[in-house]
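Trainee: Residue numbers (the UniProt record's numbering), protein chains in the order written: chain W, 1 to 359; chain F, 1 to 359; chain R, 1 to 359; chain P, 1 to 359.
Calculated from the structure, these hints are not laboratory results.
Just so you know, not all the hints are guaranteed correct.
The list treats identical chains as one, so a pair stands whether inside a single copy or across any two.
[As the list claims (entries may be wrong)] Subject to a maximum C-alpha distance of 25 Å in a straight line, what follows is the list of computed DMTMM-like cross-link-like pairs (lysine to aspartate or glutamate):
(1) Lys322 / Glu263
(2) Lys254 / Asp195
(3) Lys254 / Glu162
(4) Lys270 / Glu316
(5) Lys146 / Glu175
(6) Lys59 / Asp200
Number of protein chains: 4
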Amino acid sequence: MSNSYGTLFKITTFGESHGPAIGVIIDGCPAGLPVDEAFIQAELDRRKPGQSKITTQRKEDDTFRILSGVFEGTTTGTPIAMVIENQDQRSKDYSHIAEAFRPSHADFTYEAKYGIRDYRGGGRSSARETAARVAAGAIAKLLLKKSGIDVNAFVSRVGDIEAPPYTTLDLTKTEDNIVRCPDAATAEKMIALIDQVRLDRDTIGGVVTGVIRNVPVGLGEPVFDKLHAELGKAMLGINAVKGFEYGSGFAGIKLRGSQHNDEFYNDGGKIRTRTNLSGGIQGGISNGEDIYFNVAFKPVATIMQDQASVDKAGNEVTVSGKGRHDPCVVPRAVPIVEAMAALVLADFLLRSKVSKLPL
Amino acid sequence: MSNSYGTLFKITTFGESHGPAIGVIIDGCPAGLPVDEAFIQAELDRRKPGQSKITTQRKEDDTFRILSGVFEGTTTGTPIAMVIENQDQRSKDYSHIAEAFRPSHADFTYEAKYGIRDYRGGGRSSARETAARVAAGAIAKLLLKKSGIDVNAFVSRVGDIEAPPYTTLDLTKTEDNIVRCPDAATAEKMIALIDQVRLDRDTIGGVVTGVIRNVPVGLGEPVFDKLHAELGKAMLGINAVKGFEYGSGFAGIKLRGSQHNDEFYNDGGKIRTRTNLSGGIQGGISNGEDIYFNVAFKPVATIMQDQASVDKAGNEVTVSGKGRHDPCVVPRAVPIVEAMAALVLADFLLRSKVSKLPL
Amino acid sequence: MSNSYGTLFKITTFGESHGPAIGVIIDGCPAGLPVDEAFIQAELDRRKPGQSKITTQRKEDDTFRILSGVFEGTTTGTPIAMVIENQDQRSKDYSHIAEAFRPSHADFTYEAKYGIRDYRGGGRSSARETAARVAAGAIAKLLLKKSGIDVNAFVSRVGDIEAPPYTTLDLTKTEDNIVRCPDAATAEKMIALIDQVRLDRDTIGGVVTGVIRNVPVGLGEPVFDKLHAELGKAMLGINAVKGFEYGSGFAGIKLRGSQHNDEFYNDGGKIRTRTNLSGGIQGGISNGEDIYFNVAFKPVATIMQDQASVDKAGNEVTVSGKGRHDPCVVPRAVPIVEAMAALVLADFLLRSKVSKLPL
Amino acid sequence: MSNSYGTLFKITTFGESHGPAIGVIIDGCPAGLPVDEAFIQAELDRRKPGQSKITTQRKEDDTFRILSGVFEGTTTGTPIAMVIENQDQRSKDYSHIAEAFRPSHADFTYEAKYGIRDYRGGGRSSARETAARVAAGAIAKLLLKKSGIDVNAFVSRVGDIEAPPYTTLDLTKTEDNIVRCPDAATAEKMIALIDQVRLDRDTIGGVVTGVIRNVPVGLGEPVFDKLHAELGKAMLGINAVKGFEYGSGFAGIKLRGSQHNDEFYNDGGKIRTRTNLSGGIQGGISNGEDIYFNVAFKPVATIMQDQASVDKAGNEVTVSGKGRHDPCVVPRAVPIVEAMAALVLADFLLRSKVSKLPL
């Protein structure tokens, strides 16, 4: 009952990394939206493994198929089902972890909670599930574009290498390099660090920053479903995420109110704020300024080193990563962050249509 | 449709700061729970204004009344309604902001979204609404105690003054001082800082740290309703919160996987981890270790200084805080953080009862 | 978790018949709706006991109080809480049933399900809870009127006395008599029957017919939330209801398709149907014709006669109704049927705003 | 947002009759349930077209495939996705109705609501969608069997031919004939009637009766989600259903309370009722007696005769059924009624696990 996200633009994902297929149903996408299948595939390709030397070398096509809800290229208002068949199952690779619990993975907790788990590569807890979110997010993006809303994300930090503030960057350059940082000089350093970590048979964490522009005033619902609360939940639901902040975030703690408050002014008839430490959201509702937020990703748990652990019977064992894994998750996390942000915004966009009279 | 929180242990709050009353309905509390009304009142008293020199001097009793769902001191399984009448309405205080938008408040966004707002003191966006959450959270705490789960929070940071790690602190000392930091020396510095800020007619931010102990293995629901994702949403839904992190959080970014992973070991038949950078949650599910997290609060938006702004007509105006406001919100936020954490845990505790067969 | 109804226009009720108060929260009513409190009270008065010789003689004022969500007479988009204090508690009347299970009441099932129950007069299972629905339904009616939608109900049958088809009746005459049947001759017979049943210290069942006019085409959501499926659930959720049918209903079984189908025709540019056995709903979606339906109410379970039963310990006992009860529930059920129908329609009206592009 | 059903045992269906596939996701099935795929297929075979001379002669295999949630034959607690590819699409058959609205079908209302529809054979409004429900219902049945709950349905009426009361029938004989009426003599008459109707190029309605046995006391949730209210909604959500009644139903209207009440007695330590006009449900909660209910199906709208109608442009046209259609829907509706009833019961069974302490 927790594999769904959204209230009006609602998705439900399914699938294990090594089962027959993964997929998603979108229930609540309005009728009349042209569906650009090439765009959906391009989004999936941004997430897929095997893109570059700093991602896993595993090869998967992630080709999707629409089973319903689209007729002659346009949404019909009925549920949109999309399926991606699993091709590179390689079940044999995982026999060594059938009984052992990998450190900082979900093996132990799934086993304890359910009494059974598909131990092949993480099963449901595998990040492979996020491909379904990216497919759904692509349709959310198409819907948002109709309202002019623009959803972006980029890698702003890898280990201790940090990009300049987003306001100084040209976000159209995010895809210009394999680490997805729009600042070329920073990107180069990030790539070098990830490559070093990979050679060390280790992994490293990072930050993905999201920036949403041209958001109409009035999206977000008080009190529990504040815009940033939903963004936070959506981001924290992505594998390996340990933290979320928006606007001034944790750094805002040190400021005084007189420094932190965003003064309003009249910008040629439009009410705007001179600064934007609020991050485009006040009282949980968008105020028309840029929404920006940071998502912290821990280092990937699978490392190519021996680690002590226990197995189901409680015996002490040694486990080690095998096969092909990401030394750093953030480059491939960029489209996932965008997808989840788009899903949050699409949902609030629909919800905003019934806030006040006349309807 | 966004004033409810929870799936099985579900609350719905209502009320504006200057309307007749605020309150909450809990729908889904199991029957048979003894209700300690004195405990509920004590929790409300921890949140109420006028407690000390570092909180607002506004006086409100926050006396609650149970209207339903409790019979002869025990829950009956029917909805529990609790109401707190508003006493200190002082509507006159707010005439100066009826037309103006206070910087970094929700005045502008509510006006834009709804076309109407109760401008007296924030209306629905006032933190007064959180009293209803504290009342509901108190009942959630009573439910959790039956399962041995212990929910704590304390002030770990004010401005740049930071308490030592929670593992070195005695959390039973949190209530020993007015700032609610269990480390006496740090507390003294925090109080001095807040007092200085107050004299400066300004405000300051801070961090509340939550610690949940004795959590059974298996709470939390993949994939969207991960335990930490729900905690994050619940915390980000509290007024003035700008960020959330759990376990290693944002600091974990810099670590390598070999440093970050928590090795499992067999502790006399119980599977535990030697370190706890996971923060007690793996794959979104509790692993039995302490759950700990940080919640970042911005400086309170109401300051006793003139600020430039605009009014509904777009005219430039000057606004200034009047009356009695908190110079720092975190001391009073401690019971709110505990309440929301308790609500999250209570909900997952119920949800965990239907995870596997036999039921 | 089951005391809420609706998706976007969502109500949550609380309260026991002999607790301090009953009430309701509406979450999701759009901002900007003028609230006519006199109308709400008038609706409550239609439901309240003590109206006439054929209803219970119990006297209750059912005066409501709005606690939130309405500012200067207009909804603000925040939750609307309404409370009705219980006045005529008379707890002593119910001591005789504290241990015994009244036949065809909910005493036994509540006791079994929850292990505890407020035995005073039915507690939560009392029809008193429906006053909260009527208050919420009154606001839903006010919302629907803005769209021209007109919700009516009347008594169409008591025992074997049946009114003519609704299409031959003037529904503005429903309130002209105490049984709420717009056909005067039938009403007279119904009143005589109920009065006889009352003298027999017995009770009798009946049917309330609902008629909803001026419904725009397009309300209702396939596939599970069909308009008639939600109407059915809403009606079956009213105390004492045993059946629901719409359009041709159970009588349609005997017809052939060639008799039952409603042919379309072009009525001056508007597509209409020549007959309306569909009851204004096709494929779960309104087609613009009248929506009409029947709701079957069983005879009230409380009779002024001795009945065999058992108590909590399993001992055989004799129970008998005491005090003041309705010999037939349908006259007072009319406003309840209207309220629930209005809540269903208001919810679908909001949901219909996000069905297709452009939004 | 309306293609899901259930709260804890939750299904979401997708698919159009002439799209690539239909299917369902079950979210919330507990882990540890053995999945008997042959049983699921057998249930689908009971619903599929082409079974006998009194059903449509269309041939579809309705072979399903499980994509997730089942590992080595057992549920894992993750979403169970099942897909049925559409084989017999024959899109050409439907060109004649691309523009015209078939009487008493959903063509007009879908077009009006969504501005677009998949006109090939009903699209989403086709009864083909119910195959997905039957697949999900089969898993619900497997879950219920673990608790001993037994879900049955049979054809109790076709036109004016009626079977004896269910209490006099042997429900194990339902599958002994093609009309699915356990009384052989009645079945024979029903079959003759349907055959005659078919030769008349017409259709006829009927009733499916559901009987659920061995239900534990305590299932169902007051006040809006009463057990019979959910059953009613679930049944009314099935294509062509016009009415629902349970227990005494519409016939109970004529009875007096003294005739209708079910007296309790102590049956060797178990509290039971001597009669069962309550239909096994009191106050919305199961009381342990048989739950029984009737579901009224209208005559199928597609008839092999010319009918007057209009097209999208408002022109008057003549339409006529083509191809292969059911003269009476009830024989194939039996497994659908059982599936929906099983889904309702499975959901309430899970919900009942958190009703009272100790958990």
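Trainee: A separate judgement is required for each hint: does it hold in the structure or not?
Mentor: The hints, checked one at a time:
In the homo-oligomer, the alpha carbons of Lys322 and Glu263 lie at most 25 Å apart only across protomers (18 Å), although the nearest pairing inside one protomer, at 54 Å, exceeds that limit. In this homomeric assembly, Lys254 and Asp195 come within 25 Å of each other (Cα to Cα) only across copies, at 15 Å, whereas the closest approach inside a single copy is 35 Å. Taking the shortest alpha-carbon separations for Lys254 and Glu162, both the intra-copy value of 20 Å and the inter-copy value of 11 Å come in at or below 25 Å. Taking identical chains as interchangeable, the C-alpha atoms of Lys270 and Glu316 lie at most 25 Å apart only when they sit on different chains, with a minimum of 12 Å there against 65 Å within one chain.
Proximity of Lys146 and Glu175 under a CA criterion of 25 Å is satisfied intra-copy only: 23 Å inside one chain copy versus 50 Å between copies. Proximity of Lys59 and Asp200 under a CA criterion of 25 Å is satisfied intra-copy only: 22 Å inside one chain copy versus 61 Å between copies.
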